[in-house]
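Trainee: Chain by chain, the residues:
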Amino acid sequence: MKKRRSDEKNRMSISLPALSVNEGMARSAIAAFCAQQNPSATELADIKCAISEAVTNCIVHAYPSGTGIIYITVVLYADGTVRVVIKDKGCGIADVRRAREPLFTTDAANERSGMGFTVMENFMDRLVVRSRPGQGTVVIMTKRIGSDPATKE
Amino acid sequence: MIHTEYSYETQSRDQLLRVSLYGEIDHHGAVGLREDLDALILRERPRRLVLDLGRIEFMDSAGLGLLMGRYRLMRELGGVMAIENPNRRIMKILTLAGMERFFEISGGLRGEGR
Ligand SMILES: Nc1ncnc2c1ncn2[C@@H]1O[C@H](COP(=O)(O)OP(=O)(O)O)[C@@H](O)[C@H]1O
Ligand SMILES: [Mg+2]
Chain A
1 MKKRRSDEKN RMSISLPALS VNEGMARSAI AAFCAQQNPS ATELADIKCA ISEAVTNCIV
61 HAYPSGTGII YITVVLYADG TVRVVIKDKG CGIADVRRAR EPLFTTDAAN ERSGMGFTVM
121 ENFMDRLVVR SRPGQGTVVI MTKRIGSDPA TKE
Chain B
1 MIHTEYSYET QSRDQLLRVS LYGEIDHHGA VGLREDLDAL ILRERPRRLV LDLGRIEFMD
61 SAGLGLLMGR YRLMRELGGV MAIENPNRRI MKILTLAGME RFFEISGGLR GEGR
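Chains A and B are the protein sequences, given in the same order. For the first sequence, my numbering gives the first residue as 1, with consecutive numbering after it. For the second sequence, my numbering gives the first residue as 1, with consecutive numbering after it.
Derived from the structure by calculation, the hints contain no laboratory data. Since this is a predicted model, take the numbers as computed values, not measurements. Even glycine gets a Cβ: it sits at the ideal position worked out from N, Cα and C. The reader is advised that the hints may include incorrect statements.
[Said to hold, decoys possible] Some, not all, of what chain A presents toward chain B, calculated at C-beta under 7 Å:
#	residue
1	23
2	44
3	45
4	115
The task is simple: from the sequences and hints, build the whole structure.
Mentor: The structure is reproduced here in structure tokens:
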């Protein structure tokens, strides 16, 4: 479903330097934002994990030599959909299809599992990845929250 | 180095090394935790390594890499590794990665609300 700006309930933008301490920071900030929609514990845990994956990728892959900025925008829509956009201006991904395959990693030496995109895909409703080598990567994830049947008992 | 995200307690007896982990496992903490665990394993040389995840509140795919790495080290040293008490959310990511093919996972699945 196409979302219009008028359906927006709330919005948050943060930019953080690509430092590993900011992985937990990004998770907590976005979890706090999502709390207004009364998500279930499972929904919140899923979102935190997916965000951690996208933010970590900016830190370990996008800016391998030194620092850069991670741009995060979170939008909550009237129907309870949360849209998380995580963007970097780093090295980009040459083959996104391949990168999204389970267990695929370009950095096995550092004990990466190659499961980041698979987690994002499975823990969120929808995942879109746009990337261009040398320009950067945008990860867009959406998930409908607050309507978990288990919540409504 | 000071780690604020995670901590652990260890118990070693009869070639069994049990490490109870607390807190969060992400990429930020995984590097230090990896070094600590490997130092412990190489010092104790256990037959069996048990990682108790019962107090781990958060784990992402960096945790998967960490568990696989310790599993490999234990196998190299002729030992085995097992995971205990993962909560439901951690079980979800372990299953997604097919971790049960590599090591025994037992206990846990305690509910944490809705
Ligand atoms: N933001 C990014 N910038 C550049 N490359 C990336 C980015 N995110 C992911 N990648 C590439 O996609 C691969 C797969 O990512 P992922 O599924 O998270 O696994 P892992 O991070 O464990 O390697 C990475 O190894 C890397 O090559
Ligand atoms: Mg990753």
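Trainee: What hint numbers does the structure not satisfy?
Mentor: 2
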